[in-house]
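Asker: The lines below spell out each chain.
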Amino acid sequence: MEFFKANLIPAEIIVQLLAFMIVFFTLRKLAWKPILDSLEARRAKIRQEFESIEAAKREIEALKTEYAARLAKIEEEARSKVQEAVEEGRKISRDIQEKARAEAQAVFEKTQQNLDIEISKAQMVLKKSVVELSLQVAEKVLNEHLTDTKQQEKIEKIIAGIEEGATLS
Amino acid sequence: MADQAYSTVHHAAASGEHHDAHELPNFITLLHQSYPDNAVISFLNQYQTLFFSLFAAGLICFLCIRAARAESLVPQGLRNFMETIMEAIANFVTGILGEKHAPKHIPFLGTLFFYILVMNWGGLLPFWKSPTSAWSITFPLGLIVILYVQITGIREQGVWNYLKHLAGNPSTVVSFILLPMMLPLNIFLEVLAVPFSLSLRLFANISSEDRLLLKFAELNTLFTYKPFVFQLFANILVITFSVIQAFVFMLLTTVYLALILPHDEQHGHEEHSANAQHAH
Chain A
1 MEFFKANLIP AEIIVQLLAF MIVFFTLRKL AWKPILDSLE ARRAKIRQEF ESIEAAKREI
61 EALKTEYAAR LAKIEEEARS KVQEAVEEGR KISRDIQEKA RAEAQAVFEK TQQNLDIEIS
121 KAQMVLKKSV VELSLQVAEK VLNEHLTDTK QQEKIEKIIA GIEEGATLS
Chain B
1 MADQAYSTVH HAAASGEHHD AHELPNFITL LHQSYPDNAV ISFLNQYQTL FFSLFAAGLI
61 CFLCIRAARA ESLVPQGLRN FMETIMEAIA NFVTGILGEK HAPKHIPFLG TLFFYILVMN
121 WGGLLPFWKS PTSAWSITFP LGLIVILYVQ ITGIREQGVW NYLKHLAGNP STVVSFILLP
181 MMLPLNIFLE VLAVPFSLSL RLFANISSED RLLLKFAELN TLFTYKPFVF QLFANILVIT
241 FSVIQAFVFM LLTTVYLALI LPHDEQHGHE EHSANAQHAH
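Chains as they are written, first to last, in my numbering: chain A, 1 to 169; chain B, 1 to 280.
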């Protein structure tokens, strides 16, 4: 009993009871509630932000896949267009080549024809000159003019014979 | 300041007062020694434990309210420190009481922890005192705890269920026959013994710590070791045990609450029983 009397002082007990209750009610209202509320709010905010980050990540992933698909499609289209252009180019090149070849052939043939005509003309002129020259030679030799057509034909035959002989030789 | 305390202890020992002293002298004791006729100092000396406990209460209020007002998205300094401790306490209490009941009781348990811790650490400061080394200070805390627990029990369970709980939830004939014996036994164990066990444990531990500090300080005077080597060792012990004692007080209160709260789930019941066994 002495121990209780010495150590338990009623005034101190009552003041201590009141003091703790004042501290408790004060801190509950002014410290614990605001701090715990702000912790909870921060937790909720962080959770929400993490969720929004996850959603954004998913969205980005979906967009990435979509872009990759679009890019692949665009590349495919570009490749096919390039292919088409190459084919077109080859076709045009072929056509130009064929046309040029045909034109060259035509020019060649025409030139050939012109050349033949010119050769024939030249041959005719040459024959005539040879005949005239032969007649002049013969005239001089025979001192007479061989104007008769029959004689002229004979001389032409002789010249043709000479030419033929020359050709065969 | 250390040297002053040092010489004070030495002086106390030399003047033969060390036989009665069970803790290092605080500034009120010293003032009273110097001015024994001063009425204010005498009054303070008479209620010095109360003075130191009220100072601790004021300090906690100041620190907690200051921390609460420094709200910021990125907490710093005192706010950060207080948030860390408060969150740890909240998580600990939630782990025992469950998410349904914990939020209502976290402020009470947390305040109890802070208050006891700051009072316990008082003895470490030169010329200061641990108010919890006086039973007059710890007993009201035990009283408040048991009142809080019983009021919570009545509010959460209802009067009938609360009385049934006190009677040990009798359900068989044998338990009804044993009721006249079990009811007083439970009232004694769950209600009357609690403030005594809680307050005596805290008071005895902290007054022992103060004695330890005194004895180690006396060792310093004996060996004239200036750097307080022994005191440093004692201080580390006291810092640690003060935290443990404050934590144990809060833990036991949490367990009493867990036992009195209605058990919603089987899991919760098992958890509470395990905690109770662990506490006992």
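Please note that the accuracy of each hint is not assured.
Calculated pairs, DSS-like style, for lysine-lysine (alpha carbon to alpha carbon, straight line, at most 30 Å) [as the list claims (entries may be wrong)]:
| no. | chain 1 | residue 1 | chain 2 | residue 2 |
| --- | --- | --- | --- | --- |
| 1 | A | Lys127 | A | Lys140 |
| 2 | B | Lys104 | A | Lys33 |
| 3 | A | Lys91 | A | Lys64 |
| 4 | A | Lys81 | A | Lys99 |
| 5 | B | Lys164 | B | Lys215 |
| 6 | A | Lys121 | A | Lys150 |
| 7 | A | Lys45 | A | Lys64 |
| 8 | A | Lys57 | A | Lys73 |
| 9 | B | Lys164 | A | Lys5 |
| 10 | A | Lys57 | A | Lys45 |
| 11 | A | Lys33 | B | Lys100 |
| 12 | A | Lys29 | B | Lys104 |
| 13 | B | Lys215 | A | Lys29 |
| 14 | A | Lys110 | A | Lys99 |
| 15 | A | Lys45 | B | Lys100 |
| 16 | A | Lys150 | A | Lys128 |
| 17 | A | Lys157 | A | Lys128 |
| 18 | B | Lys104 | B | Lys164 |
| 19 | B | Lys164 | A | Lys45 |
Treat the hints as calculated values from the structure; they're not laboratory data. This structure is a prediction, so every number in the text was calculated from the model and none was measured.
Asker: Are the Cα positions of A/Lys121 and A/Lys150 separated by 30 Å at most?
Answerer: Within the cut-off at roughly 24 Å; holds.
Asker: Is the straight-line distance between the alpha-carbon of A/Lys45 and that of B/Lys100 30 Å or less?
Answerer: 22 Å, holds
Asker: Are the Cα atoms of B/Lys164 and A/Lys45 separated by 30 Å or less?
Answerer: The hint is violated at about 44 Å.
Asker: Straight-line Cα separation of B/Lys104 and B/Lys164 no greater than 30 Å?
Answerer: 24 Å, holds
Asker: For a C-alpha distance cap of 30 Å, please report whether B/Lys104 and A/Lys33 respect it.
Answerer: Satisfied, since the Cα-Cα distance of roughly 10 Å is no more than 30 Å.
Asker: Does A/Lys99 lie within 30 Å of A/Lys110 when you go C-alpha to C-alpha?
Answerer: 16 Å, holds
Asker: Between A/Lys157 and A/Lys128, does the CA-CA distance stay at or below 30 Å?
Answerer: It holds: about 13 Å lies between the C-alpha atoms, which stays within 30 Å.
Asker: Below or equal to 30 Å on CA atoms is what counts here, so check A/Lys150 against A/Lys128.
Answerer: 15 Å, holds
Asker: Hinted pair, alpha-carbon criterion (30 Å max): A/Lys29, B/Lys104. Please report holds or violated.
Answerer: Distance of about 12 Å is within 30 Å: holds.
Asker: Hey, B/Lys164 versus A/Lys5, does the alpha-carbon distance stay inside 30 Å?
Answerer: This hinted pair is violated, its Cα atoms lying about 36 Å apart.
Asker: Hey, A/Lys57 versus A/Lys45, does the alpha-carbon distance stay inside 30 Å?
Answerer: 18 Å, holds
Asker: Just to be careful, I want the Cα atoms of A/Lys33 and B/Lys100 compared with a cutoff of 30 Å; is the pair within it?
Answerer: Holds - the C-alpha atoms of B/Lys100 and A/Lys33 are around 16 Å apart, at most 30 Å.
When each numbered hint is compared with the structure, violations occur for hints 3, 5, 9, 13 and 19.
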